[in-house]
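These protein sequence lines are chains P and Z, in that order.
Just add 13 to wherever you are in the first sequence, counting from 1, and you've got our numbering.
Just add 13 to wherever you are in the second sequence, counting from 1, and you've got our numbering.
Treat the hints with care, since some could be wrong.
Identical copies carry no separate label here, and so any pair may be met within one copy or between two of them.
Stated by the list, open to error - The calculated DSS-like cross-link candidates involving lysine-lysine, where the alpha carbons are at most 27 Å apart (straight line), are:
id	residue 1	residue 2
1	LYS277	LYS397
2	LYS337	LYS103
3	LYS503	LYS137
4	LYS277	LYS503
5	LYS612	LYS503
6	LYS289	LYS353
7	LYS403	LYS626
8	LYS103	LYS397
9	LYS103	LYS470
10	LYS241	LYS397
11	LYS353	LYS277
No wet-lab data here; the hints were simulated from the structure.
Keep in mind it's a predicted model, so treat the numbers as computed, not measured.
Here is how the chains run, residue by residue.
2 protein chains.
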Amino acid sequence: MPLRRLACVASLSLAALAVAMSHDAIAQDAGMLGFTAGHAAAEHTREQALDASVSTADLDAWLLRMASGPNQVGAPHDRDNAEWQLQQFKAWGWDAHIETFQVLYPTPISESLELLGPHPYTAKLHEPAVVGDRTSADMPGVLPPYLAYQGDGDVTAPLVYVNFGMPDDYKALARQGVDVRGKIVIARYGGGWRGLKPKLAQQHGAVGCIIYSDPHEDGYYSDDIYPKGPQRPPEGVQRGSVNDIILYSGDPLTPGVGATADAKRLTRETAPTLMKIPAIPISYADALPLLQSLGGPLAEPSFRGALPITYHLGPGPMVHLAVKSDWSLKPLYDVVATMKGSEHPDQWVVRGNHHDGWVFGAEDPLSGQVALMAEAKAIGQLAKTGWKPKRTLVYTSWDGEEPGLLGSTEWAEQHADELQKKAVVYINSDNIDRGFLRVEGSHELQRLSNEIAGDVKDPETGVTLLARQRARALVEGQNPTGARADEIRKEAKAAASGGDLPIGALGSGSDYTPFLQHLGIASLNVGFGGEAPSGGEYHSAYDTYDHYTRFDDPGMKYSAALARTVGRFVLRYADADAAPVDVNGFAETVGGYVDELHKLADHAREQTVSREKAIKAGAYTLAADPMRPMGAPELEAAVPPVAFAPLDQAAARLKASAAHFQQAYSADAVAALPTARRAELEKVLQSADQALMDPAGLPGRPWYQNMIYAPGMETGYGVKTVPGVREAIEGRRWAEADHFAEITARSINAYSDRLDKAAALLTR
Amino acid sequence: MPLRRLACVASLSLAALAVAMSHDAIAQDAGMLGFTAGHAAAEHTREQALDASVSTADLDAWLLRMASGPNQVGAPHDRDNAEWQLQQFKAWGWDAHIETFQVLYPTPISESLELLGPHPYTAKLHEPAVVGDRTSADMPGVLPPYLAYQGDGDVTAPLVYVNFGMPDDYKALARQGVDVRGKIVIARYGGGWRGLKPKLAQQHGAVGCIIYSDPHEDGYYSDDIYPKGPQRPPEGVQRGSVNDIILYSGDPLTPGVGATADAKRLTRETAPTLMKIPAIPISYADALPLLQSLGGPLAEPSFRGALPITYHLGPGPMVHLAVKSDWSLKPLYDVVATMKGSEHPDQWVVRGNHHDGWVFGAEDPLSGQVALMAEAKAIGQLAKTGWKPKRTLVYTSWDGEEPGLLGSTEWAEQHADELQKKAVVYINSDNIDRGFLRVEGSHELQRLSNEIAGDVKDPETGVTLLARQRARALVEGQNPTGARADEIRKEAKAAASGGDLPIGALGSGSDYTPFLQHLGIASLNVGFGGEAPSGGEYHSAYDTYDHYTRFDDPGMKYSAALARTVGRFVLRYADADAAPVDVNGFAETVGGYVDELHKLADHAREQTVSREKAIKAGAYTLAADPMRPMGAPELEAAVPPVAFAPLDQAAARLKASAAHFQQAYSADAVAALPTARRAELEKVLQSADQALMDPAGLPGRPWYQNMIYAPGMETGYGVKTVPGVREAIEGRRWAEADHFAEITARSINAYSDRLDKAAALLTR
């Protein structure tokens with residue numbers, strides 16, 4: 014609904030707003046993407062049935078059941094959950110089975126961490142039980158906090174604090190003369206993906222890596238701590254994987270192929286995604302004595318957390334770190350449930366969430382998993398009324414996401430050919446909390462995402478999800494500052510004009526990666542969150558049913574909203590007369606990315622000149638406090654012009670091709686096509702995103718082949734769009750930037766070719 | 014020295030840079046402002062004698078002597094310091110005397126602060142002795158921490174946390190439904206002047222006010238705490254005055270007139286600058302249990318400090334606060350030393366620093382005071398060689414600055430007529446630390462300030478003060494963000510182009526206020542600081558000789574640099590052939606201020622429209638977390654066009670008049686004038702700044718008459734330039750903005766009239 018209409022209802026109550034913003038008001042405006050007018054009404058009725066089917070009592074009971082024991086890979090309760098889910102799917106009328114893989118998954122045998130020196134301290138490395146939480150800790154089968162795929166070892170070395178342990182942090186350390194070679198580093202969580210911390214530490218010569226949760230990012234700074242509030246208590250630890258999924262996701266030993274029992278495997282020594290140094294995650298209670306022991310330079314403001322100490326860089330006293338793991342193969346249990354399409358059985362709508370957690374995993378991943386089950390149950394009920402989806406539905410419950418998207422990746426690799434032929438979309442969810450809808454993914458789905466967000470009600474305010482998103486965009490857009498300011502302004506502009514709110518791009522961190530970035534299947538990730546600060550249970554033994562239902566989503570309302578939202582995505586895709594895409598959204602987004610790349614190069618060029626002047630004038634030395642010497646940054650070569658022309662042309666052509674196609678494309682137009690031509694059109698559209706793949710992949714990581722979306726080499730989960738060019742510019746590799754401008758242009762042109770072909774099929 | 018030259022010395026050492034940037038290189042370039050070529054050489058020789066005279070041994074001995082006992086107003090050691098200084102001035106050949114005033118100055122009789130409720134706590138309100146600090150505490154005569162001119166009282170009420178206690182904080186509290194009426198508020202230091210905290214608290218209906226030093230602004234967050242490092246230890250307290258000097262500075266009972274024994278006085282009840290509610294300053298050790306006791310809404314990120322707690326707004330348990338003071342009059346001892354001018358005895362160069370502190374006052378104010386004495390001694394030595402200043406020098410050592418600029422204001426008020434006729438400049442200093450030169454003041458002195466900064470060497474790097482300032486500007490200008498970004502960009506641009514670095518504008522907080530803002534005398538404040546974080550001793554019993562010489566300025570090098578710098582200002586002014594002003598700097602600065610005002614109004618206009626849209630759309634309510642309700646900001650009336658035309662025209666005319674004058678003005682031109690015409694010119698120039706005064710003053714504070722520079726009504730010490738217009742825009746008082754655009758234009762035009770008159774005297 015455009016803002017102008019909202020403006021006249023300022024004095025209305027929330028309930029009145031809810032009415033003003035209801036589904037009906039919107040459906041009358043715009044029709045339903047991909048549906049003829051005649052079919053839209055039936056779809057609308059099915060979606061109302063979906064809404065009615067989703068039961069918070071179910072969600073609550075399922076969450077309680079699935080989070081009742083530790084469910085990491087290899088845990089008995091993990092397998093038990095898979096088998097129980099299998100039975101559920103079957104009971105709801107799905108054709109379901111469990112597919113197993115054998116993957117490398119190390120579990121801790123022993124861990125120790127001691128501060129030596131004048132004030133010795135032995136880290137507890139243990140999360141004690143919390144009053145009022147039934148499963149919080151000390152249950153049989155709960156593993157101690159660990160970092161999966163760290164390198165094992167027994168080292169004793171001086172300690173250095175490296176802030177977030179990201180590339181800029183090492184540059185700052187070097188300018189202050191702090192060298193981590195031969196040291197054990199301690200990094201706080203945040204600033205980038207966990208797995209980069211030991212990787213960069215070992216690249217810089219460190220012999221061990223400690224990662225802790227600073228209360229500034231994750232603890233009392235943000236809200237009251239558990240059990241009083243939702244935040245991480247002093248002893249809480251964030252477990253996690255440091256498997257280098259930036260190179261490839263899935264089993265470290267079987268890149269590119271399914272980890273079946275007889276698959277050809279790398280050895281642990283040759284697997285490039287495994288860390289070489291021992292690493293351990295600790296709590297802020299354990300970190301405090303370590304950080305307090307450090308001398309050396311004062312940490313600059315961006316290095317300081319919220320512990321009640323003066324942060325120093327070190328080096329400090331000697332620290333002894335020892336980690337030993339069981340490196341045997343463990344089984345994965347992927348649950349796969351299918352409902353065959355009546356008209357297009359070879360067009361698959363794939364939906365997934367994972368079921369493995371780090372301990373009990375109530376929030377991560379089961380809050381999303383139970384929503385997926387609610388969808389499957391509702392769709393099963395629909396099917397029992399005689400309805401069948403036109404396209405085939407494939408509901409998946411992945412195992413082993415936490416250690417590195419193992420279950421989804423192995424399955425996607427195992428079925429790669431079939432998926433590339435048949436999958437039309439992959440829709441993912443993962444952990445969610447109360448708050449705002451967040452959709453990220455392939456931008457031809459931006460229109461659909463906005464449409465559906467306008468059809469589902471926010472459970473706490475009664476207005477649509479879209480209305481709340483627009484409200485937030487309007488408020489945040491009042492005076493944006495900081496790194497996200499441009500993005501916020503863009504959203505606020507869209508909200509104020511009534512245009513589609515932009516959806517985000519996908520990096521990594523959940524199971525969409527093998528589909529989107531390895532196979533080129535259009536993908537979405539759908540979630541909720543961003544309300545009151547939460548997340549304090551993340552990857553700890555306090556991620557429990559009790560914590561979740563007290564703080565993250567009391568009453569399971571947002572889990573239900575997720576089922577209603579993603580259920581709509583699935584049902585729209587299942588029954589649309591024409592695939593519900595709008596490629597104008599993709600073309601505009603790509604155009605925006607290319608603009609960003611120009612600015613990035615221009616900024617680098619200006620900054621290089623300006624910084625060189627300052628360096629050559631000795632300004633850095635003179636500006637520094639002589640009692641706290643700080644070296645100048647390194648001189649960098651001048652930035653040449655980047656050969657953007659092919660990319661500029663491809664982006665412009667994409668806009669034209671998209672507009673041309675979209676003008677011809679509608680449900681009515683598709684429905685009117687002769688059958689063969691329609692089949693041809695659908696084949697072209699189904700595989701359109703695969704045009705964005707380059708078979709040689711990205712530099713140093715051929716597994717990642719999507720030329721538009723990739724996780725960043727130096728951000729981890731964080732996305733880099735047009736990654737070949739963007740990362741080359743950021744890394745100042747100018748020949749590579751030119752090369753990938755051409756490669757990416759070729760991919761975009763291939764996509765435009767398909768649009769042109771599709772348009773021709775519609776208009777000839 | 015322009016940057017281009019610096020660029021070729023990148024590989025040189027600091028020592029080589031020092032040579033490259035030495036005085037001689039610069040003097041050859043530019044001559045000496047206000048001096049004929051013939052006279053510049055002699056001035057240069059005198060300045061070398063000044064440099065040689067300044068002795069760090071003297072500075073150290075004087076600091077030790079003056080900081081050896083408590084020296085607040087009324088303390089025996091304060092009077093003793095004044096009498097000792099008097100003897101020193103006399104011994105150095107100055108004509109010196111002590112001028113006394115009788116002022117209201119309350120001192121604490123009793124104070125208590127208790128947290129009641131389930132976890133009772135009695136605040137210690139005491140600064141214990143620190144190991145290794147000879148005078149740190151518990152010396153006879155040390156008063157407990159207090160806020161001078163708070164309102165006394167005995168109140169018991171619930172506690173509310175108000176962040177910095179500034180106007181925006183109260184708006185944020187209101188949006189969260191937190192009301193301070195009938196409450197005791199606790200505010201952290203920072204965000205604005207201390208005195209605004211109890212003032213705004215009482216305006217909002219609070220019955221008591223506690224101010225504490227949060228370690229985020231002032232404690233372990235920034236550096237190690239005393240005695241390990243320089244920062245405020247847990248028990249350290251910032252004393253201070255809450256006398257409302259935004260209305261008028263000086264004795265609260267004698268606004269506008271000298272507080273002589275027989276002056277007509279207001280009563281305590283009728284004095285508008287006195288607070289009405291009790292208030293007390295406390296340490297972060299005492300604040301911790303109070304803040305920890307608070308429930309109520311979570312504090313938003315901008316409200317959070319660095320204590321290891323979750324900050325809440327309250328209200329919390331009851332707190333009992335009782336303060337009782339002795340409100341008797343106390344004596345002030347201003348030391349005034351004069352050296353009569355040989356050519357222009359009725360042109361006074363006034364130099365001042367204060368001698369009173371809160372306890373021992375080593376850094377504040379004695380670090381500046383001993384520099385002033387070094388200048389006086391050096392000038393006395395010059396005089397003994399037969400030299401006499403052409404203009405009269407008046408060296409002043411003020412008493413009672415801390416409670417509200419008492420000594421300087423009473424003296425300035427007592428001698429107002431004579432000062433307005435005779436004073437050509439007032440040059441102030443106050444507490445300093447090692448670091449960068451900082452000059453603020455009347456912008457016709459910007460050129461002189463840059464010239465002198467290029468003539469004095471930074472004691473730690475050996476390059477000139479200006480070279481270090483330029484280096485810092487270049488480095489900070491690489492990627493500026495935050496509130497100061499525009500200012501930093503402006504400085505970096507000046508540094509890169511080799512133009513004059515801008516000097517800051519003066520708000521309040523030291524003794525220049527009565528001269529600049531009440532009498533219209535061109536003023537400067539000169540200091541050093543901004544190196545490694547310090548300031549942890551500020552206004553506490555730990556502001557001692559030991560702290561100062563360990564952390565703030567080991568070896569008294571910067572105190573010496575201050576003497577060499579301000580000594581040059583004084584000597585240049587004393588002997589210049591023509592007053593060393595460059596009014597182009599003033600005209601450009603005023604033009605910049607007027608540009609800012611346009612932007613301020615435009616921004617307010619846009620933001621009002623955008624915010625109104627969001628409010629009327631209900632966006633604020635919808636964007637808020639329903640479990641943490643947050644009201645919308647208040648709707649504000651649309652911003653009309655501001656009648657800037659007179660101000661625009663006046664700024665443009667000022668630029669033209671300044672350029673015209675400056676083209677004709679030089680030492681040679683002045684020297685060539687007939688005696689009478691030269692005298693007339695000097696009279697015009699001497700009083701030029703008084704043209705900027707409007708006799709009606711600023712709204713609600715007629716004592717402040719300078720239409721260009723004033724301390725902000727809502728910032729306290731912080732400056733508001735073109736205050737009549739700026740504060741009206743910020744307060745959305747549009748008729749007042751129009752009115753003051755006209756008033757200010759009239760003042761600027763009167764200034765331009767004087768420039769035109771001066772130009773005519775030079776050119777006819």
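*Among the hints numbered above, which are violated by the structure, and what are their numbers in rising order?*
1, 2, 3, 4, 6, 7, 9, 10, 11
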